[in-house]
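Peer 1: One-letter residues, chain by chain:
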Amino acid sequence: SQTIHQWPATLVQPVGSPLSLECTVEGTSNPNLYWYRQAAGRGLQLLFYSVGIGQISSEVPQNLSASRPQDRQFILSSKKLLLSDSGFYLCAWSTGTGSSPLHFGNGTRLTVT
Amino acid sequence: DAKTTQPTSMDCAEGRAANLPCNHSTISGNEYVYWYRQIHSQGPQYIIHGLKNNETNEMASLIITEDRKSSTLILPHATLRDTAVYYCIVRVANTGNQFYFGTGTSLTVIP
Numbered sequence: 001s002q003t004i005h006q007w008p009a010t011l012v013q014p015v016g017s018p019l020s021l022e023c024t025v026e027g028t029s030n031p032n033l034y035w036y037r038q039a040a041g042r043g044l045q046l047l048f049y050s051v052g053i054g055q056i057s058s059e060v061p062q063n064l065s066a067s068r069p070q071d072r073q074f075i076l077s078s079k080k081l082l083l084s085d086s087g088f089y090l091c092a093w094s095t096g097t098g099s100s101p102l103h104f105g106n107g108t109r110l111t112v113t
Numbered sequence: 001d002a003k004t005t006q007p008t009s010m011d012c013a014e015g016r017a018a019n020l021p022c023n024h025s026t027i028s029g030n031e032y033v034y035w036y037r038q039i040h041s042q043g044p045q046y047i048i049h050g051l052k053n054n055e056t057n058e059m060a061s062l063i064i065t066e067d068r069k070s071s072t073l074i075l076p077h078a079t080l081r082d083t084a085v086y087y088c089i090v091r092v093a094n095t096g097n098q099f100y101f102g103t104g105t106s107l108t109v110i111p
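Listed in order, the protein sequences are those of chains Z and W. Here the first sequence is numbered in my numbering, starting from 1 and rising by one per residue. Here the second sequence is numbered in my numbering, starting from 1 and rising by one per residue.
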């Protein structure tokens with residue numbers, strides 16, 4: 001069966017520091033991969049998605065970037081964190097075929113201080 | 001880009017059926033209806049999806065009206081663990097089309 005791993009679960013970082021969040025998927029090949037962010041008390045905002053290695057689409061211009069160095073690995077990064085980057089970051093995958101649903105990881109709660 | 005309207009919050013008595021409505025009056029013929037739920041501090045969990053016909057799985061039933069302008073997610077026997085935010089999403093089944101979440105319905109199951 002397919003599983004998705006996200007780490008770390010929680011992270012506290014000072015303003016101006018770099019960020020790297022990693023997500024990996026097991027049990028499937030060539031998945032579509034996604035990064036979402038959820039601010040406190042808000043809905044989910046799609047940040048980036050990828051349909052293949054090296055292929056990244058950005059939904060919202062911001063202080064973040066994403067990379068997909070391997071088929072089942074998706075990384076969210078920032079060179080310098082802002083206070084507004086605080087939130088709950090969620091990685092998700094789908095097979096990308098037909099009506100296949102999204103499956104989410106357990107998320108990373110990032111607090112920028 | 002959410003194309004759905006859901007009530008902000010609902011209560012349901014434990015053991016009773018929870019019926020969560022979703023309005024998607026502008027849905028197009030090739031858009032599916034998906035339901036997710038999110039328990040506090042966890043990632044959203046996929047529940048069910050459908051196109052035209054009603055669907056049922058081990059978690060819930062999805063009732064889609066004949067004109068497809070609305071749907072209802074039914075949790076047949078709500079438990080306290082069903083307390084969560086429930087999201088209704090419409091999406092064309094195509095790899096280039098994304099899942100856009102609205103603010104959902106906060107369901108509270110009351111003992």
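No wet-lab data here; the hints were simulated from the structure. Check each hint, because a few of them may be wrong.
[As the list claims (entries may be wrong)] Derived DEER-like restraints, expressed as beta-carbon distance ranges: (1) 29(Z) to 45(W): 35 to 45 angstroms; (2) 17(Z) to 26(W): 37 to 47 angstroms; (3) 10(Z) to 9(W): 36 to 46 angstroms.
[What the hints assert, rightly or not] Facing chain Z, according to a computed beta carbon distance under 7 angstroms, are these residues of chain W, among others: (4) 12; (5) 29; (6) 32; (7) 34; (8) 40; (9) 44; (10) 46; (11) 49; (12) 93; (13) 101; (14) 102; (15) 103.
[Unchecked claim] Far from chain W, by Cβ distances over 12 angstroms, these chain Z residues were calculated: (16) 6; (17) 16; (18) 17; (19) 24; (20) 27; (21) 38; (22) 44; (23) 45; (24) 53; (25) 59; (26) 66; (27) 72; (28) 73; (29) 78; (30) 97.
Using N, Cα and C, we set each Cβ at its ideal position, and we do this for glycine too.
Peer 1: Would the hint on residue 44(W) stand, with a C-beta cut-off of 7 angstroms toward chain Z?
Peer 2: Holds: closest Cβ of chain Z sits about 5 angstroms from residue 44(W), inside 7 angstroms.
Peer 1: Could you check that no beta carbon of chain W comes within 12 angstroms of the beta carbon of residue 6(Z)?
Peer 2: violated (8 angstroms)
Peer 1: Evaluate the condition: distance from the CB of residue 97(Z) to the nearest CB of chain W exceeds 12 angstroms.
Peer 2: violated (7 angstroms)
Peer 1: Using Cβ atoms and 12 angstroms as the threshold, tell me whether residue 17(Z) really stays out of contact range of chain W.
Peer 2: About 23 angstroms separates residue 17(Z) from the closest Cβ of chain W, which puts it past 12 angstroms; holds.
Peer 1: Let's test the interface hint: is any C-beta of chain Z closer than 7 angstroms to that of residue 102(W)?
Peer 2: Interface hint status for residue 102(W): holds (6 angstroms vs cutoff 7 angstroms).
Peer 1: Does the nearest C-beta of chain Z fall within a distance shorter than 7 angstroms of the C-beta of residue 101(W)?
Peer 2: holds (4 angstroms)
Peer 1: Should the label of residue 24(Z) as a non-interface residue stand, given a Cβ cut-off of 12 angstroms to chain W?
Peer 2: holds (15 angstroms)
Peer 1: Would the non-interface assignment of residue 59(Z) survive a Cβ cutoff of 12 angstroms against chain W?
Peer 2: Given that some Cβ of chain W is not farther than 12 angstroms from that of residue 59(Z), nearest at about 8 angstroms, it is violated.
Peer 1: Taking C-beta pairs only, is residue 45(Z) more than 12 angstroms away from all of chain W?
Peer 2: Residue 45(Z) not clear of chain W: closest Cβ-Cβ about 8 angstroms, inside 12 angstroms.
Peer 1: Over 12 angstroms from every CB of chain W: does residue 73(Z) meet that, or does the non-interface label fail?
Peer 2: The claim holds: residue 73(Z) sits with its nearest Cβ about 18 angstroms from chain W, beyond 12 angstroms.
Peer 1: Regarding the assertion that residue 27(Z) does not contact chain W, is the least Cβ-Cβ distance greater than 12 angstroms?
Peer 2: Given a closest Cβ separation of 16 angstroms, the condition holds.
Peer 1: Far enough from chain W: is every CB of that chain over 12 angstroms from the CB of residue 53(Z)?
Peer 2: holds (15 angstroms)
Of the numbered hints stated above, those contradicted by the structure are hints 1, 3, 4, 5, 8, 16, 21, 22, 23, 25, 30, listed in ascending order.
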